[in-house]
Amino acid sequence: MPVSIQILIIATTVAKKRLSLAIEIALCKAVFFRDGRRMLQNLTLTNHDAQEDWRPTVSTETAVVLSNKAVNGEYRRLVMSCSALAASAEPGQFFQLLCPESAGEKPFLRRPMSVYGMRKAPPEVEFLYKVTGAGTRGLETLVQGDPLDIFGPLGVGFKLDLSWRSIALVGRGAGLATLAPLASMAAQAGIHVTAILSARRPDLLVSADLFRNCGADVVGVTDSEATSGPANVEKILRGLIAGRGCDAFFTCGSSRLMRVLQRLAAEFGLVGQIAMEQQMACGIGLCHCCVRDFNMNGDIVSRRVCWDGPVFDLAEAMP
Amino acid sequence: MPVSIQILIIATTVAKKRLSLAIEIALCKAVFFRDGRRMLQNLTLTNHDAQEDWRPTVSTETAVVLSNKAVNGEYRRLVMSCSALAASAEPGQFFQLLCPESAGEKPFLRRPMSVYGMRKAPPEVEFLYKVTGAGTRGLETLVQGDPLDIFGPLGVGFKLDLSWRSIALVGRGAGLATLAPLASMAAQAGIHVTAILSARRPDLLVSADLFRNCGADVVGVTDSEATSGPANVEKILRGLIAGRGCDAFFTCGSSRLMRVLQRLAAEFGLVGQIAMEQQMACGIGLCHCCVRDFNMNGDIVSRRVCWDGPVFDLAEAMP
Amino acid sequence: MSVDLSVTVGTLRLRNPVMPASGTFAEGLDNVVDFEKLGALVTKTITHELRTGNPLPRVVEQPSGLINSIGIPSKGLDHFVEHMLPLYARYSTPLVVSISAPTVEGFANLARAVSIPGVAAIEANISCPNIEEDGKAFAMTPESTERVTSALRSSTGLPLWVKLTPNTGDIAAVARSAERAGANALVVANTILAMAIDLKTFRPSLGNILGGLSGPAVKPIILRQVYQCAKVVAIPVIGCGGIATAKDAAEFMLAGATAVQVGTATFIQPDAMVRIIDGIKQFCLHRDIPRASDLVGGLVVEESDEPDMAWMEPAQ
Amino acid sequence: MSVDLSVTVGTLRLRNPVMPASGTFAEGLDNVVDFEKLGALVTKTITHELRTGNPLPRVVEQPSGLINSIGIPSKGLDHFVEHMLPLYARYSTPLVVSISAPTVEGFANLARAVSIPGVAAIEANISCPNIEEDGKAFAMTPESTERVTSALRSSTGLPLWVKLTPNTGDIAAVARSAERAGANALVVANTILAMAIDLKTFRPSLGNILGGLSGPAVKPIILRQVYQCAKVVAIPVIGCGGIATAKDAAEFMLAGATAVQVGTATFIQPDAMVRIIDGIKQFCLHRDIPRASDLVGGLVVEESDEPDMAWMEPAQ
Ligand SMILES: Cc1cc2nc3c(=O)[nH]c(=O)nc-3n(C[C@H](O)[C@H](O)[C@H](O)COP(=O)(O)OP(=O)(O)OC[C@H]3O[C@@H](n4cnc5c(N)ncnc54)[C@H](O)[C@@H]3O)c2cc1C
Ligand SMILES: Cc1cc2nc3c(=O)[nH]c(=O)nc-3n(C[C@H](O)[C@H](O)[C@H](O)COP(=O)(O)OP(=O)(O)OC[C@H]3O[C@@H](n4cnc5c(N)ncnc54)[C@H](O)[C@@H]3O)c2cc1C
Ligand SMILES: Cc1cc2nc3c(=O)[nH]c(=O)nc-3n(C[C@H](O)[C@H](O)[C@H](O)COP(=O)(O)O)c2cc1C
Ligand SMILES: Cc1cc2nc3c(=O)[nH]c(=O)nc-3n(C[C@H](O)[C@H](O)[C@H](O)COP(=O)(O)O)c2cc1C
Ligand code: FES
Ligand code: FES
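Sequence order for the protein chains is Y, L, F and B.
FYI, in this note's numbering the residues of the first sequence are 1 to 319.
FYI, in this note's numbering the residues of the second sequence are 1 to 319.
FYI, in this note's numbering the residues of the third sequence are 1 to 316.
FYI, in this note's numbering the residues of the fourth sequence are 1 to 316.
Accuracy of the hints is not assured; some may be wrong.
[To be verified] Below, in silico cross-link-like pairs of lysine-lysine (DSSO-like), each with a Cα-Cα straight-line distance of 30 Å or less:
1) K106/L <-> K69/L
2) K136/B <-> K231/F
3) K247/F <-> K200/B
4) K106/Y <-> K69/Y
5) K231/F <-> K247/F
6) K37/B <-> K200/F
7) K136/B <-> K106/Y
8) K231/B <-> K200/F
9) K75/F <-> K106/L
10) K231/F <-> K106/Y
11) K69/Y <-> K130/Y
12) K120/L <-> K69/L
13) K130/L <-> K69/L
14) K247/F <-> K37/F
[Unchecked claim] Here chain F is said to cover these stretches of chain B; the calculated rule only asks that three of the stretch's residues, wherever they fall, bring their Cβ under 8 Å from a Cβ of chain F:
15) 8-19
16) 60-70
17) 85-93
18) 163-173
19) 183-194
20) 248-254
FYI, nobody ran anything at the bench for these hints, they're computed from the structure.
The C-beta atom is built at its ideal place from N, Cα and C for all residues, glycine as well.
Model the full assembly from the supplied sequences, consistent with the hints where possible.
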């Protein structure tokens, strides 16, 4: 079941039968269509015709905390032992965590968290989180051996085109958590990564080593060093495009950086993907509370971040 | 502040001024009137005239668990480190415990528990509880060092007349927890105790040793040995009255036993006190959810168990 | 012993009494729940035209509950018929289509338009504002409930479920008027109008200022309304409000609900409906109850329990 | 900076905006709370005659809430005047007496009878059944609210607070009618009619079958009602429903409440009122708000926030 090869099928119109076949052959769990989820849904429904073999494709389970430690003054890393299905999460996908009560506050809704890491054997999934409110304060209380109800993997993750040679990852804040596993996925696919990591201070550039270990060129930019402004990031990116070259942009965590990337992508005809955030209730497309507007060829279309995303086409994203 | 001498002032009509004086002189924290609480309230209010020295007489505090262990298949003993005010609880008084959540169940109301033991230095208070529902399941999860929000001491406790020589304590189930500290109070006052403890099986006679250590004569009666029936208990009591003699009855936990005691008390002209249970919300006389009917000289009167009791005149109690 | 979980809602036989609440269900849930196990499927409310829904934020959590002001983003009737209906054709589970409109005529037209193969029943969400009556929701008064239900009744041959609002002062009267006008079942109820304020900004927590409260917090209120409605109508009542466990469902059935809808609970436990179905089975097994339908209206109320009208609480 | 916590409710100046809710307060609380610290004292509702209250069980807990069917056990007017009033004479904190009666005339007579020294204001609990209107609570309709309030108004010179029921379908209209008839303040609101079933016995959890829900579960609903009432009346609104923390109190004040009443929270944290008073002070201090009364009605609502009437949620 767990398949690590990721294939990008660029197909705007494919006969459903053929597509279904192609997918079965490729053993591919998730595909990325320019026109969104509809075909994927049809596909899922096709599988349903034979009711006997209905199986959940998203797990709702009680995972067990392996560790939950501060990585710096702001972020904590939570490692969970989980099912194979949960551990099959892809970079850019997320989980809905049923955070425990803390100090009498009981968070009613689940909290969305990007996967920060995953391992197949033994199956594990990791999160990197910042304590900001009731839910994350609850996460903070977890210690080794504690149960945590997790629901995922959810949403559409990042997709890599195996023909790419070099990509740029540009992230800030919790966005670094979301981009981190993409760096290792790219490394496995033989794609070079340049990671531009933005933070308030150098000590908050949490995942720099993780990116470096995947062979990425890491450029840290920070507010305290006055290097994180859009102008400087743009300069770095122009340097990359002019030098080694760049096939695609990936970003998360800053709408200021998003705009820089959108401008450059348009100028150089590059594609890009962006992971977006929005408050969520269900996490699986039921409630429509997580919508954002997207510019789909001039039409402003409202889409659900949890279901149509959280990874979207960079060109379509709006702040 | 903590005073251990207990004095029974039998006073149906005492001029308020004089009473107040008497009480101040006796340094007595709680008094027991035949006609209920009203005078005690007046007294409290009198003290209020000088507003500067308002002080809480019931503590709402975060106590700390010292231990929480099973004593047999049914009961657990919870020992808490607490304030001196909380530790000044008297036998028959109770606390309202804000039980923690367990397995996703959050008990909304506090749960009433009789004091099972208390120590002045260092101040401690103990409870003996049976796990029956959400609240007590929450208590079960507590481990040493955990905080627990306790509210007490509450209600009117047992009162001893120093002129008594011999009393009988008759309890069943959780009632044994309520009566246990009375045995040591009687021992301190030099009053002999005969404790008739009733349970389903001999191994559930939890506090027998505790009663024995206070010098009480302990008679265990159980369902499994077919000795716990009203007829046998009555026989034992008649033996006590005819032999050593008995000045007063104290009971808790069984309305069947209550009726036996009421009958014997009437027959022999004995006084008695009974600790009663009722579901509670506030625990301090505000909500009127804990009322029971009492027979006050032929009038059926509704009284609040938390405020007018939980210890009542045996003769007035109704099942 | 085996337990027969099936229940009958009007002419519709359901394999069990558990179905989603409108607006908390979509095709994506089939990643977690086998739709063939549910009693019915209920769509998000659809409207005739395309609509965008309310401004963000659209949800805010509360103790044991959720306030939402999603509104009714809808891709419109045509999209529903062309794209959504075929998706559900693949399941044997009956599909209930929730509809809404701002006028009596709009309601009738939409009901007619969705009375097509693949639709097993219509749920009329009449908790929406009636623009012909100053924006007051249809289900707020017996009169406008009767008007809209009559119009719906004559426009469709499908089973007609009418979903009431809990915000009215006399839900039993509204229930009676819906029955009189031809409803085949009542869904009791929609969300309770509520509000929260963001103390960082001093602004409403929801883009729409007001929203609807759902989840365990409302259960005791809606359970009471189900009891009040079931006492005065002969048609089935479908309970909906705060149901999160099989025990909750059992309470609703004892109070008179023939079936139940599960909404917010699915956001917390995505497979809540399946757990509830399994739980009802266990509940019946443990008590030697052969049919889940035996629970319906099984509340034991003795004479002496009847409230002393003149002084009943909480009408303190 | 120091914070001025005082607020003015009609002609009554309170040292702070926090007071107990009727029925959740009695003299025994002075063991835990210094009554001189509270904004006002509010008695349990009294009636003219002696009354026993409802059958047991009288409370059942729910997620984040409590259903009670205490009823109004009352030792009657004479007992109140002779025994209770003197107790409270010792405090400088104003005493508000909550009264109830089953008829308009009964209300007027009782109000007259308690208009005596030591009583600072009357709170008319008109959420109780009106036996002249089939047991429907006075506060369910604007008409009977107006009738009873007018009668109360002409029978007392004391400040008259009228306590509304949240069970009505249009609380703003009821609020307006109470104001029109001469109320000096509104208490919004009493408990919400609710129910629970005991799954061991299949009987109602409460001896009275129905009860009133209170506690955090109802807060979002009552907050909405305070907002709706405060928008349409000029007299002060006193918020009451689910307030457990200073933040809850601040939300109510921002929504338009001049003061707040704390009920069920006292059962969970007996010193809740004092914590809330201290918390409001801290809240204002941290935000450089000089007077607690500056919070009242401070909700920021922009044009664009106004709900789109025709499609407002949760009137979905
Ligand atoms: C797809 C996705 C992936 C995410 N991945 C990460 C991650 O890897 N690491 C990380 O630290 N954070 C991540 N976030 C943000 C994270 O969900 C929030 O920080 C968290 O929900 C805050 O909850 P709280 O109770 O601590 O804060 P509160 O502010 O008390 O939350 C109140 C409500 O607002 C919501 N909320 C608050 N902040 C956000 C936010 N930024 N995005 C969405 N909802 C929010 C909460 O979910 C909750 O419903 C992600 C968000 C999304 C949507
Ligand atoms: C004054 C007093 C002293 C008590 N002392 C002890 C003691 O020392 N040891 C002990 O084991 N038990 C004692 N009890 C009983 C104890 O309060 C209940 O066992 C406990 O509240 C059960 O809570 P639960 O959530 O576990 O059970 P649940 O059954 O889930 O409780 C549901 C509701 O019913 C109430 N309730 C249930 N059983 C009782 C009961 N027997 N009496 C009053 N309310 C009840 C609960 O408080 C709660 O409000 C005492 C009760 C009273 C009134
Ligand atoms: C996010 C959300 C969206 C909803 N949308 C609709 C809707 O479109 N139509 C409708 O009739 N009810 C809608 N409801 C109300 C639910 O169907 C249900 O009546 C209510 O939530 C109470 O049930 P619950 O407590 O189980 O959620 C919605 C509820 C929620 C939480
Ligand atoms: C146990 C109890 C008894 C009550 N008795 C009365 C009463 O006698 N008169 C009255 O007007 N309201 C009464 N109420 C309602 C409260 O005053 C208050 O309106 C309601 O509980 C909501 O506030 P809360 O959520 O802070 O408790 C009572 C509430 C409770 C919980
Ligand atoms: S969170 Fe429910 S649709 Fe996205
Ligand atoms: S528990 Fe509230 S009066 Fe006794």
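Practice item. Check each numbered hint against the structure and report the violated ones by number, ascending. Key: Hints 7, 9, 10, 15, 17 are the ones this structure does not satisfy, whereas the remaining hints hold.
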